[in-house]
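S.K.: In case you want the letters, here they are:
Number of protein chains: 2
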Amino acid sequence: MSENFNLKNYIKFFAQRVDDWIRNYLTYENEQTIGLIESMRYSIFAGGKRLRPVLIYSSYGIFESYFDKVTPFAAAVEMLHTYSLIHDDLPAMDDDDLRRGKPTNHKMFGEATAILAGDALLTLAFEIMLDKDINKDIPTETILEAAFKLAKSAGYKGMVGGQYADIINENKEIDKNTLDFIHKHKTAALISYCCELGAILGFADEKDKQNLAEFGEKIGLAFQIVDDILDITSTTEELGKNAGSDLKNKKATYPEIYGLEKSKSIAEDLINSAINILKPYGKAATPLIEIANYILKRNN
Amino acid sequence: MSENFNLKNYIKFFAQRVDDWIRNYLTYENEQTIGLIESMRYSIFAGGKRLRPVLIYSSYGIFESYFDKVTPFAAAVEMLHTYSLIHDDLPAMDDDDLRRGKPTNHKMFGEATAILAGDALLTLAFEIMLDKDINKDIPTETILEAAFKLAKSAGYKGMVGGQYADIINENKEIDKNTLDFIHKHKTAALISYCCELGAILGFADEKDKQNLAEFGEKIGLAFQIVDDILDITSTTEELGKNAGSDLKNKKATYPEIYGLEKSKSIAEDLINSAINILKPYGKAATPLIEIANYILKRNN
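Sequences listed follow chains A and B, in order.
Note that the first sequence covers residues 1 to 300 in the numbering used here.
Note that the second sequence covers residues 1 to 300 in the numbering used here.
None of the hints are false.
Repeated chains share a single entry, so a pair holds when one copy, or any two copies, can fit it.
Dumping the calculated DSS-like pairs for lysine-lysine here, alpha-carbon to alpha-carbon at most 25 Å:
1) Lys184 - Lys264
2) Lys132 - Lys207
3) Lys8 - Lys264
4) Lys172 - Lys107
If you are wondering where the hints come from, they were derived from the structure by calculation, not from laboratory data.
Computed from a predicted model, the values in this text were never measured in an experiment.
Bound-form chain A, shown alone (with noise of 0.2 Å):
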């Protein structure tokens, strides 16, 4: 796999898959709902990265190569995923009015419609991960397992909580452990959970799911780092979203508390170790290493 392992195929194969299914799946109309569903389906199909179901296939990758039993919990999490980023825009919150290059949700759909969509698109991620007709290949135990965990890096204890401290710290100087506590629940929690599923879906044993949580924690905090960099260095129109933003919301964020310079050198030193532990894997990680390289040096 390794020298011809091309990223941006690879990712492109699998988001066409969690693309494809999603689309076949979210074909419900009503004519009572339409506005909600037609904006559920605008956040998701918005250009996203799908960041996430490629982790999540490609720590999955590792241990198994039946990548079809992924696709329905690559798109819950993808769901849960967008449902953050619908509730993190709106005007309560961090009041983004684009992403992604285009009109955040609420900006299109208005503020009510956006929240619901976000409640709606956070229960559908767990009406499908639980759903037995669709997973009917998955032990029952295997489900719980992951949806549980889900719940757990999702919740109060996880991205909400890391969501709060984020809000609840505008304007405020924090410091390095606030700014840490803020990185690794909002963004680090759910990357990490990605790797984990992998693992968990992979029947790996429980010292490999561990060590691929580690690994997603680490690309994930590096992740956010990154993305605080980018925030100061790149134009509105490189990112798809408002640079400056954190500078708007008086946001506390890597650069500000270390400078840029540290702050790339914790990155880097944070996707380094972080392939560190991938190395009893060898060749079967070459995924997960390149994404993890390509995270450092991303410009969007």
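For chain A, the structure is supplied; the task is to place chain B on it using the hints.
M.R.: Leaving out everything else, chain B in the frame of chain A:
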């Protein structure tokens, strides 16, 4: 049971069990998220009647009597219900200041925290249900069925869909079909689920689960019709929330479409028809029957 049955004491007993369980469970403290957890606790303990938990226990009681194993599920549903109230009250939605005689969550903690507290409670409902350590006496298959059906009835094809139709039709002339869609989805879907959940946890067969779900849908619809009536006939003090808020938000209601007397008789018919479904269960169904009658006669 029947002759000496005291509904008030019965509700108090089970409401207390759920409250104690939640109080004992929700002890997580973290200095970064203390305000979030406070706001979650605030709305959970703001004086809800615990109708949904009591319905779950009562339905379960037809089939089994090991009530302790039901409690975490009842707590989870109450958390989900609480999330729906917090989000419904938001300025972008019904914009209500008062709930159960107290300031609504966003009035106390601000909009951002209220949105996140809702998100956290919704996610936590699934976390609790799917926790194998908590629910160790319940077969995995049963947990999965319970959580899957919760997601279905709470999501875009259920409660969230109803809430969307409710909001989107404000200020509009709507027909009976639309009003029925709203009430069935916004309110009856979760109440129906509660009654079915008791049967699921009691290992009832498919026919019994269906009966309980149908009973729940009918009393749920009656519950919402009575709500519509009370919004007109009661004072804010009696309701603990702003009376006349349907008029204020220009919402279609049963009394508006059918008139007050006809609305009352529709609710009565629904309750009678619901109670009729429970005939095969004899005295074991007394609590559910009493609750059904209470729904009709309640004044707040």
